[in-house]
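Undergrad: Residue-level listing of the chains:
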Amino acid sequence: MLEAQGLVKRFGSIVAVDGVSFKAKSGQVFGIAGPNGAGKSTIVRMLATILSPTEGTAIVDGLDIRENAESVRKLLGYLPEEPRVYDYMTGESFLEFFSDLYRVPRAERRVRSLLEFVGLEEHAHRKIGDYSKGMKQRISIARALVHDPQVLFLDEPTMGLDPASARELREKILSMGREGKTILVCTHYMDEADFLCDQLAILHKGKIAAIGRPEELKAKIAKKRILAVVLKEESKPEEKRFASLLSGRVSGRSVLVPYHDSSTLSSVHRAARKTGASIVSVHHVDPSLDDVFISVTRKRR
Amino acid sequence: MIDWPLVKWEFLQTATDKGFLVKVAFGMLVGLLLMPFLASSAASFSEGSAMPSLPFAVRLVRIAVVGDSNEFVTQLQQNTIVSLMHTDEAHARELLTQRVVAGIFIVTDSSGLFVGDGTPFADFAESQVRDALDNVVRREQRAGLEVIQGTSVEPFVRGLLAPFILLTPILLLCLPIIQSLSYDRENHMYEVLFAVPIDRKKIFFSKILANLLFVGLATLIWLFLVGLVGIFFTDVLGVWFMLVLVSLLILSLNALVSTLSSNAKNATLASSISSTMVFSGIAVLTLLRVSPLVSRFAELSPVTYISYQTTGLATAFPIPTVLVFLVITFTALLLALSAFSTEKFAFSLDPGILQLYEGVLELLKHKWLAALAMGFVAFSLSIPVQVMVLGTLFFLNSKLLMILIFLISIEEILKFIGVRMLKPESLQNALLFGAFIGIGYGLSEAFLFVPYVDAFFLRSIPLFAHVLFTVLTAIGIWLKHPYPFLAASIALHVYYNSSLVSVVIS
Ligand SMILES: Nc1ncnc2c1ncn2[C@@H]1O[C@H](COP(=O)(O)OP(=O)(O)O)[C@@H](O)[C@H]1O
Ligand SMILES: [Mg+2]
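As you go down the protein sequences, you meet chains R and A in turn. In terms of the working numbering, the first sequence opens at residue 1 and continues consecutively. In terms of the working numbering, the second sequence opens at residue 1 and continues consecutively.
Incorrect hints may appear among the rest.
With a straight-line cut-off of 30 Å between C-alpha atoms, the simulated BS3-like cross-links for lysine-lysine are [claimed, not checked]:
no.	chain 1	residue 1	chain 2	residue 2
1	R	Lys181	R	Lys25
2	R	Lys127	A	Lys23
3	R	Lys207	A	Lys344
4	A	Lys8	R	Lys127
5	A	Lys265	A	Lys8
6	R	Lys136	A	Lys18
Some but not every residue of chain A turned toward chain R, in silico, with C-beta under 8 Å [stated by the list, open to error]:
no.	residue
7	Met1
8	Pro5
9	Leu6
10	Trp9
11	Glu186
12	Asn187
13	His188
14	Met189
15	Phe194
16	Val196
Calculated directly from the structure, the hints in this document are not laboratory data. All C-beta atoms in this analysis are idealised placements derived from N, C-alpha and C, irrespective of residue type, glycine included.
If we strip away everything but chain R, and leave its shape as in the complex, we get (with noise of 0.2 Å):
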């Protein structure tokens, strides 16, 4: 369970994150996605207890962040936004030095499996140093699990990992939430988001702009659809003037169209008669979270 009420963190005059609240429940995957700078992690570094908030708190498992800062973090597993990483030491050391930092008994380490479970078991005696830089982020994700917390914050995971290991790592996340872990993801990679999150905030500007699953936020800006209208190669010129008729506009070799009802259709056989363009064909546009995403960023513009 985790749960955020009313963060705010301003740097000086920045404000990084005004006013956000959610709540996460044990086994679920949260995602925060948002463009850079959005301030999703300073929310996770919050969270994480490293950075103070200006106002409000956030609970884990029952313990407030503010007050008991040093028992959430024996739950919680944090991967930074960029691998952190002694580069002397070897990998097997590594993660050995985290679990003695993080108290875990001898019977109970996991270095060898954590070193499997991220792929590295043939490198764990290189030293961290003469890592790829994906090899640097899985070797910090088995950092974050070194104690097997119960929680897990994920700062942009998937970052600077090939698109290979990008997708093995996206189903690990899912199978440790199967496990049954509390697990915040952030990205900014909308289609990870729609992928991995069963709850998903969007967040603009330090605040949260929508929240749900993800389908509900996609089902939300689908009543408002899009036809998407592809006229003849010879009528170009009159392309312009045909989506300005419609209040559409033009996107590659369609021109998008918004669907308020069934005229719409009868209005866009109108003016192309009217402009004398010829129609190739005409279709819906299934939104994807790219277009919740800007749907609801405008909005707020």
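Mind docking chain A with the ligands on chain R? Use the hints.
TA: Frame of chain R; chain A with the ligands shown alone:
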């Protein structure tokens, strides 16, 4: 306060760093080659310790006076070379045999009797008394000048500085803390270290302790090696403790500069400056031994102690030295810790002195406590600065007033900076900050100096004087006319102290 697993890892990190160990071994080897020099110079140090000298253009020839002042005594008082001590006859004779005074003047109805070194006790006519006195004064003065100008000073000074050879490995041994703190900062390791269930204070002190353990071990080996080439100390444990004490100070300063600089390179540079300051402070302190007026200052220097120990003298371990070093160390550690605990530190955005201020306030949520702490800080900073200035002025043979003005300006300016950092916004604030900084400063002075130091110009400056002058400064800051008020409080302070001094002398 300590996280042992972290201490273990940090210690191993230093103890297995081959490049570093080679440097340490090389440094010790060079030190060992210089050891015979230490042995021979330390001997001239102990010989030189009995030499009188003339460090300041102030009253040097001491004459004991028995009885009430008469006209002749008043005239004598105006002689700038003579310093008078009023006492009874039995004590005066004791002082004469100990050569603390050069002569005794016993007031009688007509004029007086004079008894001096080599002058038989007799009832002289006034002119004869004057002649006898003049002779004594002239002889003492000449002896003093010979020491200052003579060639005998050189081996003496060498003797004072030789024990530094023993201290030099410390500079190397205290470097790992910079690596430890700055590496983590440069590589943003605090982003994960601060998410681990270990208090930030614990992380900080564990890193310091790991380095200190390394220093403790390495200095033991060092003393053993020094013994192999034939240098022995009366009390090896005492010397070892002294080395550790100096190391702890250097370590704390290194920690402070590391938490305030953005990378290891800057930190190392800043550390070489702060370590040089400590070493020159110790050197100047040691050199104060040349002057009988301030020679007791020299006892504060670890080098003085080491010198005695090398020459086989059984000297008591100097507790005041420990106090002075611990106060400065404690201040540096407190400042470093408060800087370390700020968010700016963890995320390394433009670190600097402001981070320190935020850190102090974060640690001490109450402003008056912060003010009290600033008073202690100002005092700790003033010691090395004042010692260096004192040393410089001493070699320039400055007038007492000049010395007073310089020393007091340092004190007042440091307290002024303290008040400024707290930014008083109301009169009430200004009064509060001024008073508490004054109290912090005055208290430290009272604890450390008054019972110990014999020098008259530092003796018994009451607490309330500090409070008064600092409040004056604070009011100036609040009125936005800081400098006239600062100047006024310096002037008042100088006036106050010089009147104290004249009371003490007469
Ligand atoms: N330590 C800091 N000091 C000042 N500003 C900061 C600091 N950390 C983040 N910010 C600012 O806060 C905003 C949010 O940053 P961040 O949380 O990193 O966003 P995201 O992770 O969504 O990219 C940005 O404008 C960033 O410049
Ligand atoms: Mg981020």
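Undergrad: Look at each hint and say if it fits the structure.
TA: To see whether the hints hold, each was checked on the structure:
no., hint, in the structure
1, R:Lys181 / R:Lys25, "holds, 9 Å"
2, R:Lys127 / A:Lys23, "holds, 23 Å"
3, R:Lys207 / A:Lys344, "holds, 24 Å"
4, A:Lys8 / R:Lys127, "holds, 20 Å"
5, A:Lys265 / A:Lys8, "holds, 25 Å"
6, R:Lys136 / A:Lys18, "holds, 25 Å"
7, Met1, "violated, 14 Å"
8, Pro5, "holds, 4 Å"
9, Leu6, "holds, 6 Å"
10, Trp9, "holds, 6 Å"
11, Glu186, "violated, 11 Å"
12, Asn187, "holds, 7 Å"
13, His188, "holds, 5 Å"
14, Met189, "holds, 5 Å"
15, Phe194, "holds, 4 Å"
16, Val196, "holds, 5 Å"
Checked against the numbered hints listed earlier, the structure breaks hints 7 and 11; every other hint is satisfied.
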